[in-house]
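In case you want the letters, here they are:
There are 2 protein chains.
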Amino acid sequence: MKNEKFSFVGKSLKRVDGKIKASGAVLYGDDLSFPGLLYACAVRSPRPRISIKKVSDAKASRAPGYVTLVTYKDIKGVNKWPVVLNDYPFLPEKEARFAGETVALVLAEDFRTAKKAAKLAELEYKELPYLDDPLEAMKKNSIKIYGKDNVISSFVIKKGDAAKALENCEYVVEKEFRTNYQVHAYLETQTATAVPEPDGGMTVYSSTQCPFYVLDAVCAATGLPANKVKVIQSVTGGGFGGKEDVPALVAAHAAVGAQKTGRPVRLAYSRKEDFQAMSKRHPSWSKVVYGADKNGKIKACVVKYALDGGAYSTLSPIVLWRGTVHAAGPYKIDNVLIETCAMATNKVPAGAYRGFGQPQISFAQESLIDDLADKIGLDPVEFRLKNILKTGDRTATGQKLDDSCGLGELIRIVRDRSGWKNRKTSVSGDKKRALGFSCVYYGVGLGAKGRYLDRAGAYVNIYRDAAVAVNVGNTEMGQGALTVLSQICAETLNAPMENVKVGEVDTSKVPDSGPTVASRTTLMSGNAIIEACGPLRENLFKTAAELLRSRGGEGKMTAFGGKFFSGKAEVTFAEAAKECWSRRLKMSEQGWYAAPRTTYNMADGQGDAYVIYSYSADVADLEVDVRTGEVKVHKIYAAYDVGRIINPKLAHAQAHGGILQGMGWALMENLVFRDGIMLNPNFTDYVLPTSADVPEYDVYFVEKLYKEGPYKAKGMGEVPLIGVAPAVRNAIKNACGLRLARAPMLPENIWKGLKPAEKGARGPVVEA
Amino acid sequence: MKNEKFSFVGKSLKRVDGKIKASGAVLYGDDLSFPGLLYACAVRSPRPRISIKKVSDAKASRAPGYVTLVTYKDIKGVNKWPVVLNDYPFLPEKEARFAGETVALVLAEDFRTAKKAAKLAELEYKELPYLDDPLEAMKKNSIKIYGKDNVISSFVIKKGDAAKALENCEYVVEKEFRTNYQVHAYLETQTATAVPEPDGGMTVYSSTQCPFYVLDAVCAATGLPANKVKVIQSVTGGGFGGKEDVPALVAAHAAVGAQKTGRPVRLAYSRKEDFQAMSKRHPSWSKVVYGADKNGKIKACVVKYALDGGAYSTLSPIVLWRGTVHAAGPYKIDNVLIETCAMATNKVPAGAYRGFGQPQISFAQESLIDDLADKIGLDPVEFRLKNILKTGDRTATGQKLDDSCGLGELIRIVRDRSGWKNRKTSVSGDKKRALGFSCVYYGVGLGAKGRYLDRAGAYVNIYRDAAVAVNVGNTEMGQGALTVLSQICAETLNAPMENVKVGEVDTSKVPDSGPTVASRTTLMSGNAIIEACGPLRENLFKTAAELLRSRGGEGKMTAFGGKFFSGKAEVTFAEAAKECWSRRLKMSEQGWYAAPRTTYNMADGQGDAYVIYSYSADVADLEVDVRTGEVKVHKIYAAYDVGRIINPKLAHAQAHGGILQGMGWALMENLVFRDGIMLNPNFTDYVLPTSADVPEYDVYFVEKLYKEGPYKAKGMGEVPLIGVAPAVRNAIKNACGLRLARAPMLPENIWKGLKPAEKGARGPVVEA
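Protein sequence lines, in the order shown, are assigned to chains A and B.
Each step along the first sequence adds one to the number in this note's numbering, with nothing skipped, and position 439 is 439.
Each step along the second sequence adds one to the number in this note's numbering, with nothing skipped, and position 649 is 649.
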């Protein structure tokens with residue numbers, strides 16, 4: 001009811017792209033056809049670290065339909081993929097640094113030949129010593145594969161005197177945690193097609209979250225200026241962070257092939273290749289220490305946090321930074337010392353995955369918060385309520401929360417909705433059921449570390465027939481951006497929803513709008529759309545008012561649902577738009593939004609890290625089968641403060657997806673490496689949650705309005721995932737007393753961890 | 001030297017699209033490939049007017065590769081092509097109104113099959129009585145094929161009392177004139193491809209001057225809103241007006257086929273089809289009367305002017321209106337009566353051709369002005385100088401010329417450069433050589449009759465790498481717009497020319513910018529670019545100034561040639577642009593320009609008709625072979641006032657092309673109809689000027705700056721063509737005394753017109 005003043009915002013309108021996706025009409029990257037299309041296939045390093053002696057296509061070239069071999073020598077631009085630190089060559093010249101790294105590409109007239117040729121291509125190499133463990137990489141006497149010390153990046157947050165404060169604490173808890181990879185498991189694997197243009201330019205179709213990263217990479221690899229490269233986001237079958245950085249590499253590979261041959265080149269990964277070469281959620285190690293005084297007030301937090309970055313830096317510095325900022329949890333703590341690093345290993349570079357370096361450390365610190373509450377003897381929820389960040393408080397980085405902070409409310413809501421106060425651990429035979437709690441905060445947008453990129457553009461064009469076209473630089477990848485942004489545009493212009501179409505992202509239509517990550521799309525593109533709509537709205541509303549007067553309308557004009565009213569007179573949006581056109585008013589604008597400045601100081605980690613935070617509180621209701629170690633999650637209660645909800649139905653869908661991904665990471669998904677080689681690069685051996693694992697969802701939103709947000713929205717893409725794993729861990733603890741410190745929390749590990757008495761008779765025998 | 005203050009404007013920079021066009025790298029409409037492309041071929045009416053009984057593909061469908069027949073029944077939108085009066089159905093339902101009209105289309109897997117199927121398609125029809133002569137169409141007792149009176153459109157200009165003034169004139173001349181069709185003869189015939197999109201939308205590639213007309217037509221025919229149709233102008237091999245309206249029809253036909261089949265459809269006309277079905281310059285009939293007082297001051301002008309519009313109205317109303325406005329010539333005359341009409345006939349609809357209804361009437365009135373001067377006994381140049389419009393004078397429509405009027409200067413310049421004063425008719429055997437004079441004015445842009453369309457948009461985007469992309473809604477069709485608009489952008493931003501790329505027109509990138517006609521592109525798109533560049537320039541210049549200060553620059557900043565200077569400090573455009581990006585300034589803008597208002601009253605033809613006028617004066621130096629009637633044009637002296645010349649080299653090229661086209665129309669191009677059927681639809685029998693006919697050009701520009709113009713330019717696309725025919729006619733008259741009143745002035749007609757004594761012995765025998 002509170003959104004009654006809006007026509008479209010706050011309404012559960014159906015997905016604008018739902019029908020074409022559900023019907024199969026839509027074309028994904030590998031469905032696009034181009035005359036003369038060549039197919040590329042990567043020749044990959046078979047070992048964790050090699051010195052490349054030679055790549056030969058002598059055998060491959062005998063395959064009918066074989067076209068050519070593409071190596072680093074074919075790169076006309078620079079052989080440095082521009083990401084953050086630019087240490088990743090598009091194609092390696094002397095050394096390949098992880099098993100699965102693309103060493104060269106073969107091009108052929110058809111996909112089968114390309115695949116066959118890649119197998120026939122002969123890579124002569126010498127194996128080099130490698131690192132596969134980030135903790136090993138930290139050791140002074142380890143081999144050095146990255147810089148002087150294998151450290152890709154490191155950060156510190158220093159607030160107060162944590163060591164001293166800990167000494168004075170009544171209660172101190174400390175624990176080491178580990179988390180494993182998570183594979184994005186999007187439906188559509190990495191796919192790009194590069195099409196050379198007659199003027200020497202290039203059009204690139206990329207399954208990507210970040211068309212402008214693709215643009216940068218293709219320009220770098222081909223040496224073309226940005227106005228000769230057009231990147232079009234093909235309809236993208238899932239992202240979750242996995243279409244953030246690597247699509248740029250894939251597209252650059254296709255573009256180099258296209259530049260060499262003058263023909264369109266498609267590079268589409270098989271699922272196995274996607275597993276082997278794609279970024280993933282970083283494995284992590286952390287040691288967290290919390291200290292509280294006798295009143296249960298948290299006084300100090302010390303965190304050491306290390307990520308396994310893999311062979312090249314890619315996004316690790318930024319992923320690590322987000323984890324660093326959030327490492328102390330959403331609590332008011334005066335003494336904080338966070339020390340973090342991303343280490344290089346000879347494994348596939350890890351990168352962006354929904355939550356972006358935060359779920360790992362939130363898993364650790366939210367688990368330990370429960371342990372601390374237990375130690376103090378306080379209810380974990382009441383303990384949190386005593387310590388959480390409230391409006392006016394300062395975070396670990398010293399940032400004052402002066403707007404839109406609903407965490408306390410969220411905690412009380414999930415507490416009450418889950419029946420937390422009257423909960424009891426129920427035992428039904430071997431099955432032990434309990435609730436577990438967590439709460440998190442999440443900095444929306446790129447924050448201080450990505451501030452140069454935290455701006456976005458939008459093009460809004462009202463045609464003469466009153467159709468409205470919107471183009472933005474942020475992407476739809478399944479999350480519902482097209483629908484939400486359409487609603488924002490329709491609301492701002494008072495245009496009927498069906499008149500508005502948000503088009504594909506095309507880097508030649510809008511300025512660089514940064515990546516589609518960090519839950520920033522609604523906020524950034526939404527604001528850019530509103531900015532673009534401003535002058536259009538002024539023209540429309542003024543013209544509508546004049547038309548109303550000419551129709552006898554009297555008094556104040558109201559605008560609602562695509563119509564304008566005054567007295568008994570009525571004017572439709574289409575009438576107003578057409579009249580604007582016949583007055584030759586400007587009906588086309590580029591909008592721009594730059595996020596407010598941040599003040600973060602990298603030296604001590606103090607200052608404003610993000611412009612605003614979203615919040616969540618989660619309760620997991622689950623059952624542990626103590627005979628098998630299996631966990632059945634019955635229900636997740638979750639409450640979110642992500643500011644205004646533009647589309648409740650889609651917000652719920654985002655929540656459901658995030659929760660299930662969080663559950664998968666918490667309980668099942670387990671990528672296994674042995675000696676630097678991935679053992680289960682497939683969906684048979686890498687276990688994902690299926691529809692059978694879906695819990696019941698109880699999702700609730702508290703709309704703490706954010707004054708800078710479009711219709712006062714914040715961002716919600718990631719926050720639903722983050723709290724799930726610790727809530728699950730704490731519920732397992734509450735169910736059977738097991739204080740797990742490693743994700744995924746596999747049945748075998750739970751089974752092994754349980755006291756013999758609790759295991760029951762028929763437990764599996766699991767190797768350590 | 002006067003343009004020294006500019007870096008790029010006023011410089012003869014080479015065509016930005018020269019290399020890819022000259023090298024053959026560029027792809028024209030019929031070169032574009034699409035997977036699954038179908039080829040369309042039109043089934044055309046064989047007779048001038050038929051009642052359609054049935055179209056059957058019974059035989060055609062047996063051709064292997066045949067796909068389907070497309071008739072009006074397949075039109076999902078409305079069967080009215082939106083042009084001006086909307087009387088032309090996309091596909092006729094009951095009646096086809098000219099020989100060559102598309103009655104249906106056949107689609108096939110390849111072009112040959114489509115062509116064959118079109119021949120095999122059976123059109124059952126009944127012949128209807130038809131009209132093929134506009135003067136016949138005017139008669140009361142003629143058959144009626146259009147409205148009540150066969151009149152498509154009519155206009156009047158009434159100023160003073162022309163009839164009365166004539167009575168008081170010392171000298172009166174009166175003559176009827178006729179002109180024939182002119183075929184555009186562009187290199188690339190009509191071509192469009194419609195590609196259905198997965199969301200039900202359509203992308204259309206069209207060889208067109210007017211992508212937004214194509215958009216309107218495709219939307220109308222398919223029923224799609226404008227934000228689901230994207231029209232991209234394929235590289236266009238010539239326009240001259242011929243790519244103004246008909247491309248929309250061709251594209252709509254392709255789109256209806258694509259919508260029916262769900263596959264891409266190409267429709268590309270053969271040269272013969274292009275002759276038969278394409279618009280042309282209107283044939284005309286006119287009767288002009290001028291009266292002058294004893295001092296040689298023109299006192300009255302009476303014109304009746306009729307165009308042969310063909311079977312549908314298309315652009316005839318607008319073409320006629322331009323002719324109407326300019327019918328009295330560039331003279332100060334107090335008493336004017338102009339009555340004009342466009343008549344329907346059962347021939348191919350005539351339309352836009354460089355000059356747009358004005359060359360026909362300028363041919364007549366400028367011929368008669370010479371006759372009047374002769375009658376008075378005044379030198380035709382001095383007579384003109386006595387009577388021409390000067391700054392402050394009022395035109396026939398009562399418009400006061402208060403800005404940028406260089407006509408007098410032009411006249412004196414060509415007079416002097418051609419040695420007019422010392423001219424003599426030279427006789428070398430049977431060859432008689434003389435000079436002939438003309439002068440014209442030309443309203444730039446769409447003027448009052450097209451004022452709703454007289455606005456344009458532009459998108460300017462500066463990328464992070466300092467590459468600049470410009471998109472406009474007006475097109476390059478060979479005239480050099482890409483280069484001129486690049487210069488305007490480079491100048492305004494102080495960007496190096498090589499950084500600027502003006503892209504293809506894409507209706508999804510810029511708002512409806514009206515047609516690329518009426519010499520309006522430099523003016524309209526140029527101003528829109530400048531408007532877009534405004535805020536970008538402000539950001540760039542401010543940032544550059546700050547960078548200069550940080551580098552020790554002192555004093556006033558200067559900007560030139562892509563660099564900024566202050567004292568000894570220097571900053572490049574690229575540095576300034578990059579700094580703007582790191583400050584997250586908006587580097588992307590949509591510009592908009594609407595032409596100033598006009599005040600024309602259609603009832604009496606009084607008021608401001610156009611926002612500004614360009615001017616020309618021409619002298620033809622030619623030789624008549626009195627044995628054969630052949631004319632050899634030795635040299636054309638021409639001077640133009642088109643405001644600032646943005647690119648002298650391209651301006652000269654425009655002049656050369658215009659002059660040669662004017663010569664072709666004056667002397668050679670002769671489309672022949674018999675009984676409503678075109679007899680010479682090919683380049684063998686329709687004679688065009690070739691390189692052998694090219695005269696020497698003496699082209700001179702007087703830059704009367706236009707305060708509203710981009711860098712004070714007006715427009716020059718059309719004015720060079722208009723004065724050629726009357727100058728040629730007057731030179732023939734001066735050479736051999738023959739006062740011709742019909743164009744083309746074919747050798748046989750000249751031969752027939754000459755007095756027997758002058759014909760020589762070996763003249764051809766020509767049938768009447």
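Honestly, the hints are just simulated from the structure, not real lab data.
From a predicted model like this one, the values you see are computed outputs, not experimental measurements.
It is possible that some hints are incorrect.
Chain A stretches covered by chain B per the calculated footprint, using a threshold of three residues with CB under 8 Å from any CB of chain B [unchecked claim]:
#1 26-40
#2 440-448
#3 590-600
#4 741-755
Listed next, the in silico DSBU-like pairs over lysine-lysine satisfying Cα-Cα at most 30 Å (straight line) [stated by the list, open to error]:
#5 LYS586(A) - LYS54(B)
#6 LYS542(B) - LYS586(A)
#7 LYS586(B) - LYS707(A)
#8 LYS115(B) - LYS94(B)
#9 LYS19(A) - LYS94(B)
#10 LYS586(A) - LYS115(B)
#11 LYS19(A) - LYS73(B)
#12 LYS21(B) - LYS76(A)
#13 LYS563(B) - LYS80(A)
Going by beta-carbon spacing under 7 Å, a handful of chain B positions derived as facing chain A [claimed, not checked]:
#14 ARG62
#15 ALA63
#16 LYS421
We treat Cβ as the ideally placed atom computed from N, Cα and C, and that holds for glycine.
Here is how each hint holds up against the structure:
Residues of the segment 26-40 of chain A lying with their CB closer than 8 Å to a CB of chain B number 6, which satisfies the three-residue condition for coverage. Only when three residues or more bring their CB closer than 8 Å to a CB of chain B does the claim for the segment 440-448 of chain A stand; here the count is 0, and the claim is violated. Coverage of the segment 590-600 of chain A by chain B holds. Counting CB-CB distances below 8 Å, 3 residues qualify, and the rule asks for three or more. Check on the segment 741-755 of chain A: 0 of its residues sit with their Cβ under 8 Å from a Cβ of chain B, so the three-residue criterion for coverage is violated.
A hinted pair counts as satisfied when its Cα atoms are at most 30 Å apart, and LYS586(A) with LYS54(B) does not qualify at roughly 48 Å. Restraint check for LYS542(B) and LYS586(A): the C-alpha separation of about 27 Å stays at or below 30 Å, so the hint holds. Our distance criterion of 30 Å between C-alpha atoms is met by LYS586(B) and LYS707(A), whose separation comes to about 22 Å. A C-alpha spacing of about 24 Å is found between LYS115(B) and LYS94(B), which places the hinted pair at or below 30 Å, so the restraint holds.
A threshold of 30 Å between alpha carbons decides the hint, and for LYS19(A) with LYS94(B) the separation of about 39 Å lies outside it, so the pair is violated. Distance restraint check for LYS586(A) and LYS115(B): the Cα-Cα separation of roughly 45 Å exceeds the 30 Å cut-off, and the hinted pair is therefore not satisfied. At roughly 27 Å between alpha-carbon atoms, LYS19(A) and LYS73(B) fall within 30 Å of each other, so this suggested pair holds. Between the alpha carbons of LYS21(B) and LYS76(A) the distance comes to roughly 24 Å, so the proposed pair stays at or under 30 Å and holds.
At most 30 Å may separate the alpha-carbon atoms for a hinted pair to count; LYS563(B) and LYS80(A) meet this at roughly 29 Å. Against a cut-off of 7 Å between C-beta atoms, the interface hint on ARG62(B) is violated, since the closest Cβ of chain A lies about 29 Å away. Interface hint status for ALA63(B): violated, as the beta-carbon distance to the closest one in chain A is roughly 24 Å, over 7 Å. A cut of 7 Å between beta carbons decides the hint on LYS421(B): the least distance to chain A is about 48 Å, and the hint is violated.
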